[in-house]
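Protein sequences, first through last, are from chains E and Y.
The numbering of the first sequence is our numbering, which starts it at 149 and goes up by one.
The numbering of the second sequence is our numbering, which starts it at 149 and goes up by one.
Hints in this document: simulated from the structure, not taken from any laboratory.
What you are looking at is a predicted structure, and each value in this text was computed from that prediction instead of being measured.
Using N, Cα and C, we set each Cβ at its ideal position, and we do this for glycine too.
A couple of the hints might just be wrong.
Said to hold, decoys possible - Which residues of chain E face chain Y? A partial, calculated answer using Cβ under 7 angstroms:
#: 1; residue: T173
#: 2; residue: S410
#: 3; residue: A414
#: 4; residue: L424
#: 5; residue: G435
#: 6; residue: M436
Number of protein chains: 2
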Amino acid sequence: MFNKNNTVELLCVGTELLLGNIVNTNAAFLAEEIAKLGLSSYYQSVVGDNAGRLEESIKLALSRSDIVILCGGLGPTEDDLTKEIASKVAGKQLLMHEESKKRIEDYFKKRGIKLTDNNFKQALIPEGATVLTNNNGTAPGVIIPYEDKFMILLPGPPGELKPMFYESVVPFLRKISPVIFKSRTVKVVSVGESVAETMIKDMIDAQTNPTIATYAKTGEVHIRVTASGKDEDECDSLIKPIIRELKNRFGNNIYTTHDEVSLEKAVVDLLLSGGLKVTAVESCTAGMVASRIVNVPGASDVFKYSLVTYCDEAKHKLAGVKKSTLEKQTAVSRETAEEMVKNLDAPLKSDVCVGVTGYADGEDAGHVFIACNVHGRVEVREFHFVGNRLKVRESATTQALVLMRDAVLKFLSEIAFS
Amino acid sequence: MFNKNNTVELLCVGTELLLGNIVNTNAAFLAEEIAKLGLSSYYQSVVGDNAGRLEESIKLALSRSDIVILCGGLGPTEDDLTKEIASKVAGKQLLMHEESKKRIEDYFKKRGIKLTDNNFKQALIPEGATVLTNNNGTAPGVIIPYEDKFMILLPGPPGELKPMFYESVVPFLRKISPVIFKSRTVKVVSVGESVAETMIKDMIDAQTNPTIATYAKTGEVHIRVTASGKDEDECDSLIKPIIRELKNRFGNNIYTTHDEVSLEKAVVDLLLSGGLKVTAVESCTAGMVASRIVNVPGASDVFKYSLVTYCDEAKHKLAGVKKSTLEKQTAVSRETAEEMVKNLDAPLKSDVCVGVTGYADGEDAGHVFIACNVHGRVEVREFHFVGNRLKVRESATTQALVLMRDAVLKFLSEIAFS
Chain E
149 MFNKNNTVEL
159 LCVGTELLLG
169 NIVNTNAAFL
179 AEEIAKLGLS
189 SYYQSVVGDN
199 AGRLEESIKL
209 ALSRSDIVIL
219 CGGLGPTEDD
229 LTKEIASKVA
239 GKQLLMHEES
249 KKRIEDYFKK
259 RGIKLTDNNF
269 KQALIPEGAT
279 VLTNNNGTAP
289 GVIIPYEDKF
299 MILLPGPPGE
309 LKPMFYESVV
319 PFLRKISPVI
329 FKSRTVKVVS
339 VGESVAETMI
349 KDMIDAQTNP
359 TIATYAKTGE
369 VHIRVTASGK
379 DEDECDSLIK
389 PIIRELKNRF
399 GNNIYTTHDE
409 VSLEKAVVDL
419 LLSGGLKVTA
429 VESCTAGMVA
439 SRIVNVPGAS
449 DVFKYSLVTY
459 CDEAKHKLAG
469 VKKSTLEKQT
479 AVSRETAEEM
489 VKNLDAPLKS
499 DVCVGVTGYA
509 DGEDAGHVFI
519 ACNVHGRVEV
529 REFHFVGNRL
539 KVRESATTQA
549 LVLMRDAVLK
559 FLSEIAFS
Chain Y
149 MFNKNNTVEL
159 LCVGTELLLG
169 NIVNTNAAFL
179 AEEIAKLGLS
189 SYYQSVVGDN
199 AGRLEESIKL
209 ALSRSDIVIL
219 CGGLGPTEDD
229 LTKEIASKVA
239 GKQLLMHEES
249 KKRIEDYFKK
259 RGIKLTDNNF
269 KQALIPEGAT
279 VLTNNNGTAP
289 GVIIPYEDKF
299 MILLPGPPGE
309 LKPMFYESVV
319 PFLRKISPVI
329 FKSRTVKVVS
339 VGESVAETMI
349 KDMIDAQTNP
359 TIATYAKTGE
369 VHIRVTASGK
379 DEDECDSLIK
389 PIIRELKNRF
399 GNNIYTTHDE
409 VSLEKAVVDL
419 LLSGGLKVTA
429 VESCTAGMVA
439 SRIVNVPGAS
449 DVFKYSLVTY
459 CDEAKHKLAG
469 VKKSTLEKQT
479 AVSRETAEEM
489 VKNLDAPLKS
499 DVCVGVTGYA
509 DGEDAGHVFI
519 ACNVHGRVEV
529 REFHFVGNRL
539 KVRESATTQA
549 LVLMRDAVLK
559 FLSEIAFS
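Hey, can you work out the whole structure from these sequences and the hints?
As structure tokens, this is what we get:
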């Protein structure tokens, strides 16, 4: 059923994970790195610091995967059982590893901390195992061969696990991986997940290599294209025509074809390319639009300020919305949204202004108007979002970024042709 | 081996987890909530969008736990298999649930999005199952009975999973738990986790019933006290003396002893009790302070506006920081923070103003000044936060709320004794 030496399974050990005291970021880190290496992974598990259940979980993992990566449980306390149980499963004795023992002594000496006997427990290594040096802590990692499979034991703290993975585990896994995998993500706005899937159903149905999968995000759909090949070039040449076809189908609704680019990053880059400065006037989003823009490094080159005009008085005095508009049309109206973004000259000069006003809860919860002014061209959109207070505000923030992107793209193409 | 109806296992479904595209925050959330309910959990697993492996994982989970919570895979696409496979395991047919179908139609109608046929897949419910209403999305949850056990299927997006868990799953799990568990969370600020733990080490060591556990949050420590007993009254009487002792030890650094009260909610309530109106002037937090305050229902009774003065020009023109201060002391200085909050009369009158300025990245990343002005009494605090851009901004936001709380408490106690 599985290709030999091709499937990796993660088994994270620690009662603190079962209690939800900490988030399992190790699993996400390792999973991504394993996918990058082109190795398949079908299962991840978490088990507590319990000898019986840990043994049972290791046996299960070895029965269905070729490489089992165990993280956590390599500490000096009695709760730390991973090495002991893995050795038992492999039928190997634990022996004192003199080099690791010396490293532990040096580590404590250097920090002036008193060493206790149980610290040497960390220097015990199953016979026949490969020791992975820990340059950031006291617990060495180990690779234990088991029949034609492997168990790889890594320390739990991410600051020790990550460097050890890059230094020792990646070279080991590269050697035994038969193919390379590569993936690209196409990110789409203004189209729901089910519509997006319908639009590319034929491509999904026909997929073999590359594979195509859709992911729903708040206000976005991500389409991941993953190819396998003998090297990066082969993967790239398999991915390219798929990306081209997705661009044909989704056109401008694709804001990026790069994994690391967020919607706000795409908007900031677009503003930068046009040399445009942006400001915001926010009511229900209350700073979320500004906050997402500012989370892009280098945002200060395009973003000047946001007025969070939560009360009507602020909408009037800070953003210049007329009192009569607030009274007659109310604060949540097309007219108010329009007036919020009307003035690009005051209080500070800008090229683009985005405004959001709406109800985050109450009877009309989710009713939101978003306006964008690009050098006098004003567009207003009306939305009815669903969900709780935070969800409505997050949806409004995403749609404010989408409107900004659309309006700026339109403006830039107009001036290019004029 | 297991107490009937007492062990819960988590099975998260999604190839995106196996690929490490996303961190499994649902597992941490659910694990913590399950522990709060006094239910034991020995295993967590992740499996991809693959029919065979999903079926096998569900069967394994049902063989060793009483309640299996499945998250993810309830979407409208062909990849979404959870409901189909869970029904197959339970030997139940999927039937169209008219109420859910109507909810989906309304959801799309309200948003003016075109509905496609595959959306109705989400309204298919296994016969005999209990439907859990989704108020934040289109996928209903389901509880499927299986022999004397249960499968609980929840949607993957945290914004849908969390409210559904609180609204529908908590009451369900409470009903089937053989003993009553009750927990209270004491939330502490201005004290680190290891210091907090040391301060109550004797209490933790002596714990049996109630149990005491600490959880580190950004800028906060939560101390959870969990009692088991025959009814709520018995639990309450066990918890009360512990809470009293924690109050003795942490004093005013406890901002609440209620689970549902967030730091921003505590601040809003405090401002309300004093009849105080608040405004903010934010640079690096860029609206996050405003956004957290506004996320409290009823925030409009205390919050007026925030000026997100990201560029120096905005700090000068909008918030009145002197040009000479920005030039000599720079934008990230005690003096700038002070001037940001100086004027409580303009542009709008307020009683409290909080200001934040700092570096979110670069050489001095994490260096932040936070000022708070309560009717002319100004306090400034200096911080050196660690972490990436977002983490620094989140830490600064939390400390801005902490400073507001401290400053307002001080003001209210002063006027009470004057």
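Provide an ascending list of the numbers of those earlier hints which the structure does not satisfy.
2, 3 and 4
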